[in-house]
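Chemist: For reference, the chains in residue letters:
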Amino acid sequence: MDDQWTVAGRTFTSRLIVGTGKYKSFEENAAAVEASGAEIVTVAVRRVNVSDPGQPLLTDYIDPKRYSYLPNTAGCYTAEEAVRTLRLAREAGGWDLVKLEVLGEAKTLYPDMRETLKATEILARDGFKPMVYCVDDPIAAKQLEEAGAVAVMPLGAPIGSGLGIQNRVTVRLIVEGAKVPVIVDAGVGTASDAAIAMELGCDGVLMNTAIAEAKNPVMMARAMKAAVEAGRLAYLAGRMGKRRYADPSSPLAGLI
Amino acid sequence: MNQETISIRVNGEPRRVRAGISVADLARELGLDVAKIAVERNREIAPRSALAGIAVEEGDEYEIVTFVGGG
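Chains as they are written, first to last, in our numbering: chain A, 1 to 256; chain B, 1001 to 1071.
Treat the hints as calculated values from the structure; they're not laboratory data.
From the three backbone atoms N, C-alpha and C, an ideal C-beta is built for every residue, glycine too.
Treat the hints with care, since some could be wrong.
Derived pair list, reagent style BS3-like, types lysine-lysine, alpha-carbon separation capped at 30 Å [what the hints assert, rightly or not]: (1) B/K1036 <-> A/K242; (2) A/K22 <-> B/K1036; (3) A/K225 <-> A/K65.
Restraint ranges, calculated between C-beta atoms of paired labels, are given here [as the list claims (entries may be wrong)]: (4) B/G1053 <-> A/V50: 21 to 27 Å; (5) A/R239 <-> B/G1012: 52 to 58 Å; (6) A/S25 <-> B/G1012: 23 to 29 Å; (7) B/S1007 <-> A/R125: 34 to 40 Å; (8) B/G1053 <-> A/G94: 34 to 40 Å; (9) B/E1013 <-> A/G94: 26 to 32 Å; (10) B/R1043 <-> A/A234: 45 to 51 Å; (11) B/E1013 <-> A/M219: 38 to 44 Å; (12) A/T78 <-> B/T1005: 32 to 38 Å; (13) A/G94 <-> B/S1007: 31 to 37 Å; (14) B/K1036 <-> A/S25: 16 to 22 Å.
Based on the provided sequences and hints, a complete structural model is requested.
Modeler: Set out below in C-alpha cells:
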C-alpha cells in the first residue's frame, strides 16, 4: 500500500520517528533504530569532549546519510537558547528540518508555549523547517502552524513518563484542525499507546524512552513499528461504530 | 618558531594556544574532525568553509559542538 507522508516537502514511508538517547551502547541503539524501520532519528547537540576527543561518535554508528537526523533543542528553556542550538546544528549537519522544544520546567518538561512560539517565528524567518513539540492544545497548535511550524508535535504525556496518550480528545482536535503533519511526541510507553496515537489520525509518532528503556529495546522497536503500522491501517480502514449493548456475530436464523 | 601564546576559552574552559593559529588549526590541535563539528566564535557561527581563514585571537570564546544521542 502506498501510504507515505510529507513534511516540509520531504516524503517518508515510516511514520515512526525514534530518539537516540538513553541506550546502553551505540550498538544497541543502532540495532533498535534498524528494527524500528524509522527513517528519521532525533539527535541532541552538545559540546564536544575536548578532554577525550577520540571517543566514538553517534555518527559512527547511525549513518546520517542513511537516516535523516532531526536535531533537537532538548534542555533549552528559552527561545534564544533553542535558536542558538539549532543554528549550530545546521552548521554541523547542514539540515534545516529540526525539532524545536522549549521547556518550561525540569519537573514536568512541559513546553513553554510563549517561548516556543517565539522560537518558531525566528526559526521560520531564518529558513529553518521547525517540527515543534507542544502542548496538546488545538489553539496552540494552530498558532504554531501560523508561525511557521512544518509539523506540530503534541505530547501524549510528559517526556519519558511512558504514561500513554492522556487526552485523546485534544489530540484528535489537533489532527482535525491541522494542515501540517501531527506527530505525537512524548508519553508513549508501550505498543498500544503508539497504535492509539495513529488510530486518532496522527501522521506519526516520535518516541525514545519507550524503546530505550524496554528490557529488550530491539524487540520493542519491532513492536513499535508494528503498532504504528497497525494503528495507521485501522485509522484508514475506519473503525466500526460503538454500541451500548451486544450485537451477535452469528445469525439468529436457523438456530436449532 | 613563534612560542607566544594567547588565552582563549573553549566550551567554557580556559586554554592557552599559540598565537597566530586559525580556528581550523585549533580544531585539529583538539583532535577534532571539522566535518563532524560546528564552531561558534564569540557567539557567532564560524562557517566550516571559513575555519582555516579565521584567526584565533586573545580572549576569544568558542563553543564547539557535535551530535549526541537524544530524544
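Chemist: Give a verdict on every hint.
Modeler: Results for each hint:
{"no.": "1", "hint": "B/K1036 <-> A/K242", "result": "violated, 54 Å"}
{"no.": "2", "hint": "A/K22 <-> B/K1036", "result": "holds, 21 Å"}
{"no.": "3", "hint": "A/K225 <-> A/K65", "result": "holds, 21 Å"}
{"no.": "4", "hint": "B/G1053 <-> A/V50: 21 to 27 Å", "result": "holds, 22 Å"}
{"no.": "5", "hint": "A/R239 <-> B/G1012: 52 to 58 Å", "result": "holds, 54 Å"}
{"no.": "6", "hint": "A/S25 <-> B/G1012: 23 to 29 Å", "result": "holds, 28 Å"}
{"no.": "7", "hint": "B/S1007 <-> A/R125: 34 to 40 Å", "result": "holds, 37 Å"}
{"no.": "8", "hint": "B/G1053 <-> A/G94: 34 to 40 Å", "result": "violated, 20 Å"}
{"no.": "9", "hint": "B/E1013 <-> A/G94: 26 to 32 Å", "result": "holds, 28 Å"}
{"no.": "10", "hint": "B/R1043 <-> A/A234: 45 to 51 Å", "result": "holds, 49 Å"}
{"no.": "11", "hint": "B/E1013 <-> A/M219: 38 to 44 Å", "result": "holds, 42 Å"}
{"no.": "12", "hint": "A/T78 <-> B/T1005: 32 to 38 Å", "result": "holds, 35 Å"}
{"no.": "13", "hint": "A/G94 <-> B/S1007: 31 to 37 Å", "result": "holds, 32 Å"}
{"no.": "14", "hint": "B/K1036 <-> A/S25: 16 to 22 Å", "result": "holds, 20 Å"}
In summary, the structure is inconsistent with hints 1 and 8 from the numbered list given earlier, while agreeing with the others.
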